[in-house]
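J.: Going left to right, the sequence shown walks through residues 1 to 291 as the working numbering numbers them.
Hints in this document: simulated from the structure, not taken from any laboratory.
Please note that the accuracy of each hint is not assured.
Claimed, not checked - In silico lysine-lysine, PhoX-like type, Cα no more than 20 angstroms apart, as pairs:
id, residue 1, residue 2
1, LYS3, LYS96
2, LYS72, LYS3
3, LYS44, LYS72
4, LYS111, LYS96
5, LYS61, LYS3
6, LYS76, LYS111
7, LYS61, LYS44
8, LYS96, LYS61
Claimed, not checked - Ranges of calculated distance between the beta carbons of each label pair, as one might list FRET restraints:
id, residue 1, residue 2, range
9, MET207, ASP79, 49 to 57 angstroms
10, ALA250, ARG102, 38 to 46 angstroms
11, SER155, GLN20, 22 to 30 angstroms
12, HIS55, MET78, 36 to 44 angstroms
13, HIS55, LYS3, 39 to 47 angstroms
14, LYS61, VAL210, 28 to 36 angstroms
15, SER155, GLN58, 37 to 45 angstroms
16, ASN254, GLU109, 17 to 25 angstroms
17, LEU68, ASP2, 43 to 51 angstroms
18, LEU53, PRO18, 23 to 31 angstroms
19, GLU54, GLN139, 44 to 52 angstroms
20, ASP2, THR208, 48 to 56 angstroms
21, ARG83, HIS55, 39 to 47 angstroms
22, LEU68, GLY110, 19 to 27 angstroms
Bear in mind the structure is a predicted one, so any value in this text is a computation, not a measurement.
From the three backbone atoms N, C-alpha and C, an ideal C-beta is built for every residue, glycine too.
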Amino acid sequence: MDKKLVVAMSTSCLDYHPYQHNIRILRLNIEMGGRRYVDGQTLKNGDFQNWMLEHPRQMAKTSPPSRLEITKFFLKIMDEGYREVLFVGMSEALSKTCARVREIVPLFEGKMVIRVFDSRSGTFIEGMMALEADYCFRQGRTMEQTLARLDELRSDCRVVFGVGDLSYLLHNGRLSKTAGFIANLLRLKPLIQVNRAGEAVVAERIMTTVRAMRVLSDRVGTYLQRGNYSVFTLYSGDLDLHRDLEDILASRNNLHHLPSYPISPVVAAHIGPHAFGVGLIRASPAAHQSR
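Generate the whole structure from the sequences, applying the supplied hints.
T.: Set out below in structure tokens:
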């Protein structure tokens, strides 16, 4: 039987996942203050949050790994004896990394099969899909069976988050400039949702952060009425904001002690230091098992 492996991106929050897994992480790059760092390796969430707060007028730049870096990454995996690799990536509407990986696939033809799965989402939604794929492989499922399972998860997942300042999303081209300009002009605290196409769009325009959290909580409640979901929270760096969100989710939805994940520096560079969010995905055993 061919050895199978799952690869995820550093945007997946798996660096902060509490359980062991056999998923390899393809790391993106981030440049700030004239220096280049590797997401989650030479730059951690806390250090990057401190930098953003200390340099509010500066914007970090992010980039996918180069073709050469990606080729070397997969060559190492092939040298370890793996013959089938499933790459679970951030939405192609938000990152060029999936496309970069597809570019190198022909180089491995006849030696190792690399399949690319666009999560059409981000953060720990990517991570949960990667964990589910790893679970499927360990259960003996084929590549095609595993891809079919990920299709099911992708069809019913949500990521919604609030930001304190839209300048980061606008600067990095991840949001419509017209919508963002109007929201910034009016000093709104909008909710941003990753839609079914994997795009970041303004879901609602709200005047205050507390109101945004309440609306977000109500959205979560509506989703939970429709089915059984795994729910987690996200934060970029402001722990006080995150605690406020946890309190609101507990009081309005009776959701207590939810898993929470710091957002990776590459993602935080696009949403700023005062962001908070919630992710929902159809309940799966994979994300909650130790390896």
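J.: Each hint needs a verdict: does it hold in this structure or not?
T.: Now for the hints, and whether the structure bears them out:
1. LYS3 x LYS96: violated, 27 angstroms
2. LYS72 x LYS3: Holds - the C-alpha atoms of LYS3 and LYS72 are around 19 angstroms apart, at most 20 angstroms.
3. LYS44 x LYS72: violated, 23 angstroms
4. LYS111 x LYS96: Violated: LYS111 and LYS96 sit about 25 angstroms apart, past 20 angstroms.
5. LYS61 x LYS3: violated, 36 angstroms
6. LYS76 x LYS111: holds, 13 angstroms
7. LYS61 x LYS44: Measuring from Cα to Cα gives roughly 15 angstroms; hence the hint holds.
8. LYS96 x LYS61: holds, 14 angstroms
9. MET207 x ASP79: 49 to 57 angstroms: At roughly 56 angstroms between Cβ atoms, ASP79 and MET207 fall inside 49 to 57 angstroms, so the hint holds.
10. ALA250 x ARG102: 38 to 46 angstroms: holds, 42 angstroms
11. SER155 x GLN20: 22 to 30 angstroms: holds, 28 angstroms
12. HIS55 x MET78: 36 to 44 angstroms: Holds - the Cβ-Cβ distance for HIS55 and MET78, about 41 angstroms, lies within 36 to 44 angstroms.
13. HIS55 x LYS3: 39 to 47 angstroms: holds, 45 angstroms
14. LYS61 x VAL210: 28 to 36 angstroms: holds, 32 angstroms
15. SER155 x GLN58: 37 to 45 angstroms: holds, 39 angstroms
16. ASN254 x GLU109: 17 to 25 angstroms: violated, 52 angstroms
17. LEU68 x ASP2: 43 to 51 angstroms: violated, 26 angstroms
18. LEU53 x PRO18: 23 to 31 angstroms: holds, 26 angstroms
19. GLU54 x GLN139: 44 to 52 angstroms: holds, 47 angstroms
20. ASP2 x THR208: 48 to 56 angstroms: holds, 54 angstroms
21. ARG83 x HIS55: 39 to 47 angstroms: holds, 46 angstroms
22. LEU68 x GLY110: 19 to 27 angstroms: holds, 21 angstroms
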